[in-house]
Amino acid sequence: MDLFAAIGMPEVPLFPDQASAHAGRVDRLFFFILAVTGGMGASVGLLLAVFAFRYRRRTAADRTPRITGFPLLEWGWTLGPILPFAVMFAWGLAVYRDNYAPPPDAYEVFVVGKQWMWKVQHPGGQREINELHLPAGRPVKVTLISEDVIHDFGTPAFRKKVDVLPGRYVTVWYEPTAPGRYRLFCNQYCGTGHADMVGAIVVQRPDEHSKWLRDHAEGSAALEGRKLFLKLQCVSCHRTDGDAKAPVLEGLYGRRVLLRDGSTTEADAAYIRDSILYPAKQVAAPWEPVMPTFQGQVSEEEVLLLVAYVRSLGRGDLPRPNNDTPPPIGAPTELPNAGGAKK
Amino acid sequence: MTERTVSPVATVLTFAALVVLSLTTVGLSFLRMGPAGHLAVGLSIGALKAGLVALVFMHLVRSPGRTWLAAGLGLAWLSILVVLTLSDYLTRHVLPS
Amino acid sequence: MPAEPPVLEPQFATAEQQRSASVLGMWVFLATEVLLFGGIITAFLATRVFYPHEFERAAGRLNVLIGGINTVVLLASGLGMALAVHAAQKGQRWATLTWLGLTALLGLGFLGLKGYEYFADWRDGLVPRTDGFDPGDVTPGRLTLFMLFYFVLTGLHAVHLSVGLGLVSWLAVRVMRGELPRAGATVAEVVGLYWHFVDVVWIILLPVLYLSGHHEAADLHF
Amino acid sequence: MSTDLEVFPPLRPAPPSEPQAAPPLPGAAVAPSYLTEPHGWASWLFTTDHKRIAILYMVTVTLFFFVGGAAATVIRLNLIAPQGSLVSAELYNKLFTAHGIVMVWFFLIPVIPTVLGNFVLPMMIGAKDLAFPRLNLLSWYVFTAGAVITLTAVLFGGVDSGWTFYPPFSTRSSYTYVVPAAVGIIVTGFSTIMTGLNFVITVHTLRAPGMTWGRLPIFVWSNYATSLIMLLATPVLAAVLALIAVERLAGIGIFDPSLGGDPILFQHLFWFYSHPAVYIMILPGMGVVTELVTCFSRKTLFGYKFVAAASICIAGFGFLVWGHHMFVAGQSLLASIAFSALSYLVAIPSAIKVFNWTATMFRGSIAFEAPMLYAVGFILLFTIGGMSGLFLAALAVDQHVHDTYFIIAHFHFIMVGGMVSAYFGGLHYWWPKMTGRLYSRPWSRLAALLIFAGFFLTFLPQFVLGYLGMPRRYHHYPPEFQVLNVLSSAGASILAVGYVLPFFYLFHSLRWGKPAGPNPWQATGLEWQTASPPPKHNFEQTPVITRGPYEYATGGTDHAR
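Residue numbers (the numbering used here), protein chains in the order written: chain A, 1302 to 1644; chain B, -4 to 92; chain C, 828 to 1049; chain D, 648 to 1208.
Rather than coming from a laboratory, the hints here were simulated on the basis of the structure.
Do not take every clue at face value.
[Claimed, not checked] A few chain A residues facing chain D, derived, Cβ under 7 Å: (1) 1315; (2) 1389; (3) 1462.
In this text the structure is predicted, and so the values were computed from the model without any measurement.
Note that beta-carbon positions come from the ideal geometry of N, C-alpha and C, so glycine has one too.
Please model the entire structure based on the sequences and the hints provided.
What follows is the structure, encoded as structure tokens:
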């Protein structure tokens, strides 16, 4: 606003930018509630002022009438507000519901919150700290998890936030429309560096974004996941030849898995993560619960890499363990104690 | 001073009923009823026993309405806490289509 | 026992008003206690929604024999307390004393059995954070959660039972010294209400902790 | 339906607006006042007189008000510069935690019930004292013990987990004195339960003859409702803080995600207490405002039944809505929908009260004494605060403004604009009754206006900051928020002056104030029918009540038509 520049003050924003269509919908609801409450507040304030002025105590012999109530008016303002409140509730719910319906073809990003930084991971392997580059005009689904305490991925420009919990994947999705650089905050108190976890959401035009992706290409997440898969010797059980001691992971992602106790569940990111960290929790049907727990040996990012690798496995992708694929340097010499199996 | 307690005979009979109920509820835990079944049966018998203790041992049955209100208020507010908290936990995986 | 009325505090007009104030006061206090235990039981039920099968197997490993015997012991102490209150209101001093003694004895018996059960849990490797902790076929984390709830709830109940024992012995001393005039059995009634509440808490804890799992005949051991 | 408008000659002529200096009493030997009768320290520290215990509470609670206020001042000074100009991040976290804990548990929750309620409630229902006087004294000692434990932990060691103690931060990552603070708050919780128990039993059993439930003053109704909330909510806080302490001491706990526990479970149990706790804070303030508006408009309360029922409804509904604190915390969608709808319903009783206060002033004879200024200030600021809650109950808007300065502005409008104004109004209203002295009229009215102005400048910019997205509990912030923060800090300095002023002219009035007669404001409450300061047992003989509580302009007919 040039007004501020005119009087030599720094630019003072009074209203947040609208970087997505959702932001517009939330603002319209905000202004509706502002109008209704503003009206109610103004009328109460006005009545107070009028009564205070007109009925101020002028003479000592003032005679004030004895009014004890007016039932119709009472019930009026008891039941009256229910209608505007119902509209606010329904409208708020309608705009909020789309949180739970990310489009299936959304651009997917993984974010790990840890004490006092955001670590972002693009599927193509690009890694960022406290920054998230997004293509404008294309929906993006962000899957988040925390490594220690509860954080909160707050994006005022998109009018959305979500608490990032340790031990559970949470998702939020946006459809950025206006290219630009917007603030990213941590909105849940998380300790000394809570105020340091401020980052930036950079929305770029699609061509700029793909150029940025090419410039920052490293090993894709799936590739990093494969290295880990070998390093942790998962391949010694998860193999496709005769003496496999664990389920074949090719094409597993998204399929429904029959468990030992007869129930079935979808093999999504959470199922794979739980199978890595708490193997005895959901054991697939024909197999014995012999898988050791890797809790404490893999960080959340490494789990995400393994999940990305398992997702990328198609028919015949699993490596054949033979002498030309020796365990990489630094691999554990013997399998960790089979936590799950009965001693 | 009006007598505000229950006669000793009724007290002893109630005690006998409570012991029988205790033995049955422990006995039922030897059957295979699955987690929900065990809890539901156990809690309903427990509620029955708790009711007996309150009515007879704590002579609620001869107390004025205010005492019933106090007892009822505690249970009502506990049910608010249980129902609304479990409403979150039981529907956490229910996502809109 | 001399039948003189109890000392009337200045702010009350009649003895009946003073008595009903004390009794109602204890009932309202017990409502707050219901919510104290209720809060933790709600946490237990909420966590159990996530892991029903594992909590059932974990409950199956609790010592149900001692739990059952303790229930009957506590109910008997409740009977003793009720009869003590009745005797106090009749003014029979020695009857009140004997019943109070029996109640205190049974209460101590409960605590003794409970202490032994804690030792048995330690011996069977059910106490988390000790080297002997043996999760068996339940995931270690889930059994720890269940045992945490078990120790927090039964521990809090044992604390309340000890407070109850203190009240009963203080009441017995006043009865012995004859300070308890017949019409003033309000104190006995109020202590009785608290004792019965501690009974009710155990009556609810038994199914929530012990009986929410399946037990085998082999579990009946000390 | 016409209003039952009757114009009767008033029972006694409406007084000129200034409070009357007491005509010299006839020579009859007046019973000695509760202040002077038993003398010496011991008589104060071991008193069971509800009026003296109220004075003891006033001393301690006022001290804690200034401790919390000091923390707030340093926070506001630190936020003047974007990079945090005054304190380090660790100290800032300890300061806002101290501000939260001290203000919530050691000022807002206890102040009106224990100071004004303890003093006035028994007199309002014609009782000699509360039902359990010794329990009342014990509640003060337990309150002070809890305060000593918590304040040593919070001020000398420091606690940096926020007043909400969310795990896993409070149990895993905080290396500060969380356990002593939690134990201190649990001990203070016992004191709250004792006060609540005392009030409930007193209102049930010690009402004077003729004082039916329909003739209870609204101050008694609101304190009764508050006591119900105290009794039914505080135990769950004790349980959940004990679980936090166990988890920190034992190293394992039920909220630990690595064991499979759920941190959100803590939030459920914590907010089951903490939302009703905000109604514990505001309800007594509403009771005080009802007394002030009726007295200074010389008008019967408009819709007595609705206002009394609204107090009880707030106590009941207050327990159904805690989930609106957890819309973004990972709660299930269906639970969030339920809590959002219930949160809108809980706004209705508060709206009823506001409309009834305003209607009471219609055709009244309004005198703008200091208490009335605080009352009108309360009505306006509480209305804005309450209605800003309607934004937060809408799921979509809450997702944007949760944990931002919009929330800070919302609850400060209600707690500071509403609750503290009501306490100051009640203090100024019953000061002549408590001390028998009148305070300076011009100074007290100036203080009220100063507080009102300072308040607006402090907290209105925070609404704008909140919608811009500035998160709460930030030691430093992006530069674009600086101007609004400087405005807010400027307002805070005016507010600080406004709060310090009353303690000068009130202490001054103790020594040099004109003696106030039994009824300086010509009010109709039962507490004004006895001497001020009142004798030990309040009334020479227990009064018999024949009429309703606010018969200002009555022809003597029973108001409950």
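Hint check results:
no.	hint	in the structure
1	1315	6 Å, holds
2	1389	5 Å, holds
3	1462	5 Å, holds
When each numbered hint is compared with the structure, no violation occurs for any of them.
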